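Colleague: In case you want the letters, here they are:
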Amino acid sequence: MCLGVPGKVIEVDGWTAIVDFWGVRKQVLLNIVDEPVAPGDYILNHVGFAIRRIPPESVAETLALYESLLNDDVDDLMAADIRGEVKGTT
Amino acid sequence: MSAELQFRDPQLARELAATLARLVDEIGRKVAVMHVCGSHEQAIAKFGLRSLFPKNLDVIMGPGCPVCVTDTPEVDEGVVLAHQGVRIATFGDMLKVPGTVQSLADAQASGGKLEIVYSPKQAVDLARNTNDEVVFFATGFETTAVATAAVVLDNPPPNFSVLSAHKYIPPVMEIVAEMPESRIEGFLAAGHAATITGWAVFEPFVERHGVPVVVAGFEPIDILAGLVELVQRVRDQKPRVVNMFPRCVTREGNRAAQEQLWRVFRPLGGRWRGIAHVPNGNLRLRDEFAHVDARRRFTIDLPSLWDYAPPQLARQCICGDIMAGIRNPRDCRLFNKECVPENPIGACMVSSEGTCKIWHLYGGVPDLAEVSA
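Protein sequences appear in the order of chains W and V. In this text, residue positions in the first sequence follow this note's numbering: the first is 1, and each later residue adds one. In this text, residue positions in the second sequence follow this note's numbering: the first is 1001, and each later residue adds one.
If we strip away everything but chain W, and leave its shape as in the complex, we get (with noise of 0.2 Å):
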């Protein structure tokens, strides 16, 4: 529950960002993030709302990690709770 999921910010529009998932695009709100986002920043999203922006140099890295928790197994704990956080978003 207290996971972060990454996305690619597309679109930021006031408050509100259009960030993409893996190919999802979802709402995604700014109001509580640590620094001024852009679009083709990337984002840790959680339950809804970007809690921090990710270091440029960081970014590789973190989608690599989430890449490899993510799988098909409908059992695996970890991967529904990333699937959950990315449905935390509208």
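Heads up, none of these hints are tricks.
As a list, the in silico BS3-like pairs of lysine-lysine whose alpha-carbon atoms are at most 25 Å apart:
1. V:LYS1055 / V:LYS1238
2. W:LYS87 / V:LYS1113
3. V:LYS1096 / V:LYS1113
4. V:LYS1238 / V:LYS1030
5. W:LYS87 / W:LYS26
6. V:LYS1096 / W:LYS87
7. V:LYS1046 / W:LYS87
8. V:LYS1046 / V:LYS1337
9. W:LYS26 / W:LYS8
The hints are simulated quantities; they were obtained by calculation from the structure and are not laboratory data. Just so it is clear, the structure is predicted and the values come from calculations on it, not from any experiment.
For this one, chain W is given, so just place chain V on it according to the hints.
Modeller: For chain V alone, coordinates are given in the frame of chain W:
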């Protein structure tokens, strides 16, 4: 998934495991450390990490599952509100958590209105589209509480309120460290909670208790490296806070989020299920937000529920001892027998972050070495 993917650097994993074994040998006795994060336990179980840990090292999951520590009376408040006709919006994990008499799922089955949401924002959207009173039953640690704070500050509709069961992690570490039975000599702190609070939040704790805290990420290598650092500090008796997850965690953390968190919430003492009364462990809405506080907006008639005795089996549940690190699921006579995810007796079997649910899913034996032996 291939072994290559599970351990992106298997050689490094083996080296770290060997270093860990050497350090524990040098200490020459049993060492127990605790992590406080469901995602850490998921990774440890999923990747079979316990088979790499030395025999003399106990890595215990503490109270790192927010759903599990939501206290029975808090569930009862949600159940009573559901029966009073408000629409309860909450995270899916909360549904089966046992209350004194009913879970929220039971309340729904007997006519209560219940909606599963994945975000506080979805609860607000729900309120905008109905005339019903919508109460967001808010659970989670500080990472999630900041999102609740943000919707409270963002002018929610008048029919929206919050029943806060949010919990704050740093105070419960104090409680665990002070338990007379506690053997915990170090803590592995969760990367994403520290993203919000910053790692400096643990400094007063380390000073008071002389116990090291290492902030670690969620990859197998992150966890192994975090344990090596932690056990090294135990061996050298040089406790301090070490940040091993710098790609997510800074010293100060996310200031904007902290500012909103503390503007909306104040820390208050309260019970964590099965553990203890935790001073400053609960996050409750400040007086300025009384209009959004379900506890002040509604009269919640709890005593009406408490006339009932708790079910017989629940008395045998040892979730509290498990979360305090004193016992483990295999010490529980209900585990994998009467208590299974489909019909949980205790909260630790409900959530995907509960120790019992994680152990159940990964075979009930956390150490793969024991299976092959």
